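Q: Residue-level listing of the chains:
2 protein chains.
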Amino acid sequence: MHEFIAPVALDKAYRLITHGPTVLVSARHAGVDDVMAAAWACALDFQPPKLTVVLDKATRTRALVEASGRFVIQVPTRAQLDLVVGVGSHSLADMPDKLARFGVSTFEQPGHALPFVEGCAAWLACRLLCEPHNQQCHDLFIGEVEAAWADGRVFRDGRWRFEDVDPAWRTLHHVAGGQFYAIGQAVRSEQ
Amino acid sequence: MHEFIAPVALDKAYRLITHGPTVLVSARHAGVDDVMAAAWACALDFQPPKLTVVLDKATRTRALVEASGRFVIQVPTRAQLDLVVGVGSHSLADMPDKLARFGVSTFEQPGHALPFVEGCAAWLACRLLCEPHNQQCHDLFIGEVEAAWADGRVFRDGRWRFEDVDPAWRTLHHVAGGQFYAIGQAVRSEQ
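Chains as they are written, first to last, in this note's numbering: chain H, 1 to 191; chain W, 192 to 382.
Derived from the structure by calculation, the hints contain no laboratory data.
Keep in mind the model is a prediction, meaning the values are calculated, not measured.
Where a beta carbon is used, it is the ideal one built from N, C-alpha and C, also for glycine.
Incorrect hints may have been included.
As the list claims (entries may be wrong) - What the simulated footprint calls covered on chain H by chain W, stretch by stretch (three residues with Cβ under 8 Å from a Cβ of chain W suffice, anywhere in the stretch; the number is not a length):
| hint | segment |
| --- | --- |
| 1 | 44-54 |
| 2 | 78-84 |
| 3 | 151-157 |
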């Protein structure tokens with residue numbers, strides 16, 4: 001289904017996460033790929049686009065990010081709920097076949113040596129801005145978005161199009177445990 | 192309607208913002224109150240609960256936060272859409288009657304010298320953790336949540352209850368300009 005994946009202009013990349021979805025974080029180092037879920041990810045700047053993500057010290061993905069200086073933030077959909085909870089609840093350290101176990105397939109994007117998770121709604125390829133204080137004291141990682149893509153069925157012309165597609169495309173917004181909300185109705189202010 | 196406002200245990204406070212709502216930031220210093228909207232706010236830690244929020248240098252609210260070391264993050268609802276867009280689009284510096292103009296009423300919480308915005312779904316009273324590098328380089332402010340409250344009609348027993356109340360209670364999730372989504376259906380994983 002890669003024919004629907006289209007680049008997103010960097011000055012619009014913040015729109016992929018400003019509505020606060022739970023994301024998947026993926027990284028690669030020395031031949032090892034890992035994917036985790038993160039509810040605490042947030043846009044930080046418009047241009048160049050930057051974002052923050054909280055990565056616990058216990059996660060294998062964090063170690064890959066620190067070693068490679070690269071990661072992908074991707075926006076999963078309601079159709080991927082069990083995958084999100086699975087990769088968010090288990091560590092590659094304890095479950096070497098974690099990705100296969102939870103049905104995670106990845107694909108490549110030319111020029112980016114990173115694992116991109118199939119079936120997501122959007123992907124942001126990031127370069128780690130190394131900030132030892134934030135990483136050590138707050139588990140807070142800052143990335144500059146170097147390239148972004150979205151599935152044109154659900155995000156195009158700089159806007160989400162949830163109202164036009166099957167509810168399975170809705171983004172996930174975590175509360176706690178296995179409890180999430182899907183994103184809902186579009187609302188617009190006339191102010 | 193304050194009879195519905197109830198404290199939220201600090202170890203559950205992260206649940207008020209983990210689903211990624213746009214928030215209102217309020218602060219007070221030297222007799223001046225201000226309120227702004229912020230789409231880029233995010234939980235940072237569980238216990239003690241901490242959060243991040245991006246505050247542009249052009250905002251008057253930021254100056255009040257820096258001067259007082261205190262602020263409130265509150266979670267507005269769909270019923271407050273025009274208020275959110277109004278306070279998010281105009282500065283107190285240019286519009287001295289900004290709060291009245293957009294229908295913002297505030298109330299007090301004993302022990303907290305801060306303006307709390309009426310009609311929101313939840314409130315988190317924060318102490319600024321002074322981090323000059325993050326504030327200057329990234330416009331990124333870190334707060335420790337010292338107390339939290341929610342309207343028990345929409346958040347109780349540590350969980351959002353959007354499915355039980357009028358859609359006007361749904362939280363707002365910004366995309367860009369005047370475009371938002373309301374939070375949608377509850378989804379739960381059986382993983």
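Q: If a hint holds in the structure, say so; if it does not, say that too.
A: Each hint, compared with the structure:
1. 44-54: holds (count 5)
2. 78-84: Since 4 is at least three, the answer is holds.
3. 151-157: violated (count 0)
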